[in-house]
Amino acid sequence: MGELEELQSLLHQPLEEEYLPEIKDWFLSILRRDILANIGPSFWELISSNTEQSEEEDVSGFVSAMNVLFAKLRPYMDVADHLSKKRELFEEMKPSDDATGFQVKVQTVIRALLLHRTTAKFQSCVQGFYRKAFWSFHGNKPSNSSTILNNSDGAISNSSDVKMDETLDEEENSVWETKGTGDNIMEGYGSNITEHFHRINKNLYTTGLLERVCGEAVTSIIHVRIEEFVEERCKGEFEQSFIKDLEQTYAKLRIRELFNIIVEYPDSHPALEDLKESLRKTDLRSRLIQSLRVAMETRLLHPGVNTSDILTQYVSSIRALQVLDSTGVILELVCEPVRSYLRTRDDTVRCIVSSLTDEGNSDLADELAKSNPLNIHEGQGADDGEEEGDPFKWEPDPVDADPGQKLSSQRSSDILSMLVNIYGSRELFVNEYRSLLADRILTHFNFDTDREVRNLELLKLRFGESQLHHCEVMLKDVADSRRCNANIKSAKGGKKDVDDKENKEETQEQEEEEENVDDDLPDGGKRENLDFKAMILSAQFWPNLKEEKLSLHSKVQTQLDKYTKSYEALKATRTLFWKPNLGQVTLELELKDRTVSLAVSPLHATIIMHFEEKEKWTIQELSGVMQVPSTTLRRKIAFWQSQGLLKEDPTDCFTLVEEDSGRGAKRERTRSSSRAMTRRSPRPPRPSRRLYTSSGLTSREC
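With the UniProt record's numbering applied, the sequence shown covers 1 to 702.
Treat the hints loosely; a few may be bogus.
With a straight-line Cα cutoff of 25 Å, these simulated BS3-like cross-link-like pairs (lysine-lysine) come out [as the list claims (entries may be wrong)]:
| hint | residue 1 | residue 2 |
| --- | --- | --- |
| 1 | 202 | 105 |
| 2 | 579 | 533 |
| 3 | 476 | 571 |
| 4 | 244 | 276 |
| 5 | 614 | 555 |
| 6 | 579 | 565 |
| 7 | 533 | 549 |
| 8 | 565 | 549 |
| 9 | 533 | 636 |
| 10 | 546 | 476 |
| 11 | 121 | 202 |
| 12 | 533 | 565 |
| 13 | 636 | 549 |
| 14 | 579 | 476 |
| 15 | 636 | 616 |
| 16 | 579 | 549 |
| 17 | 281 | 252 |
| 18 | 555 | 533 |
| 19 | 555 | 616 |
| 20 | 24 | 72 |
| 21 | 592 | 636 |
| 22 | 614 | 636 |
| 23 | 202 | 85 |
| 24 | 616 | 592 |
| 25 | 72 | 105 |
| 26 | 562 | 579 |
| 27 | 579 | 555 |
| 28 | 105 | 85 |
| 29 | 72 | 121 |
| 30 | 476 | 533 |
| 31 | 476 | 460 |
| 32 | 281 | 244 |
| 33 | 616 | 549 |
Estimated spans, in silico, between C-beta atoms of each pair [as the list claims (entries may be wrong)]:
| hint | residue 1 | residue 2 | range |
| --- | --- | --- | --- |
| 34 | 308 | 85 | 36 to 42 Å |
| 35 | 14 | 56 | 49 to 55 Å |
| 36 | 566 | 613 | 22 to 28 Å |
| 37 | 101 | 14 | 23 to 29 Å |
| 38 | 616 | 19 | 47 to 53 Å |
| 39 | 9 | 302 | 46 to 52 Å |
| 40 | 294 | 264 | 15 to 21 Å |
What the hints contain is simulated information worked out from the structure, not anything from laboratory work. All C-beta atoms, glycine included, are put in the ideal place defined by N, C-alpha and C.
Using the sequences and the hints given, assemble the complete structure.
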């Protein structure tokens, strides 16, 4: 029994899913060895034998060699199919990408080992076979029938050859047909060659060899046939025009592919130029509009497509269709469903504004950099007055333009104007940018606003300065906050220098004492190192901020009170109202066996800071201290659980995890001898917790 037979018998037995990958690898190794040692050499020996033969004999030999090849590959393809079905069975009969990938892998192995190098004799046989098959079919059909190459699956079929396909399907239930030896198949170039043509193509497709074997041959035959057809129809005929038929055929092809052409723009610009020339000489404009609208609605405008992808395709459509039609009529008619659909999505405006101000999106960022103001059609003012411009460059509307509607795309080629015209309102986009700017400032808590200042200046050129006055004040608040933080810090630093100079010796003694007794202090010993910064907002210029009730930890609240007093001393007539839920806290948590550094929200920081005082808290106790609802508090505690710092035991009771169990066990093994030598009593758990914070909180200035 050979290896393949042994594998086949194994597949008829119950198998566990975990053994399937090993069985697949075994199968592929058997296939590789057999192709290299047996299947490949015998196939190429049949192809190269009897070199000096006529074309008919070469074709007959080619058919025989292919039949022998498929007969030897058939058991392997059956096993591959069986392995793929085994995978689907394990997954409850659902089609699996892994199963399809395995079949592709088998085809790749066959193609790589069998056809990695072909001979001139083989190419000649392939050319002869497909040429005879083509002429046999062409000779038995009306002259207006056409052969079509379907590129999607690689199979060759004919639209008027339905009866032949039905007859073949009735005669054979499997594509693995190897009837005959090739004798006398060319007699009369009749139906035998056509039957072999279909059978060989099906087998080539199943084994993944179709494109590799016949792609070049079929292409060259079609080119030759096109040249012969043009010469037969056009030579000597001077009273009839033929170019229109050729252009219509080309234009129809490009119209069917126009959606993909738009996706590939600007790389597809040459195809658009060709289509533009063809539309000038053919009456296919209405067909193009209808076809592209249908493609947009079926492939783009459905819930499964992200808003950002729809906007990307819309922008590409604007650029591509302006190449086809500078008047903008095609763009207006085709993209009206896109604009209507985008208006129904809640995140359209935010996606547009984010794309404009995002450095990663170079296309719309380039549009923002253009200095010309927006051409917005708002309300009833859309049609007032005449457009400014050179009167000598005026062009009438095309005949298919709607006479009752002004075409915004016809009057302007500015992409940003068209995006804003989806809603027809500047204010809507300005308010969205204002909210987005506030989110960016308060989320990242970064005082470096160079990028945002640049974006604001560009937006002011497009939307106008008055529209963006609030945003300008927001960025000014960030700069003022940075200066205010520096002034308050320097004022504290100056006072501290005086105190340090007066009590220098006393301070040094205290520091030495802290270093010596730090581990034995009952409250953790180490003084808190809190670097505090505030973002001060002008109440009337910022958008409404989310309000969440939160009682901060006493150490942080003390810093807030001190900062407020310093600010009131600096700004005599003003005070601060804090937003404790907004801001960012950078924590460094020093535990027994590890140090954890994280940037979290004030609420998260307040939770973990309370565990510095007490190891265990119930959800009700913590909720009462922090004045946060228990449901919200539980969601926030889940973050610390995911970090391995808190655990729930029992229900609604949370404990600080001082030492990771895995790390603790390893530490015990590696340091047991050292402990035995020093005989030092273990450190109590609470003194090992040290908290270093760098806080940034938000306040409103009044």
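Review point. Okay, which hints does this one fail, numbers in order?
Key: none
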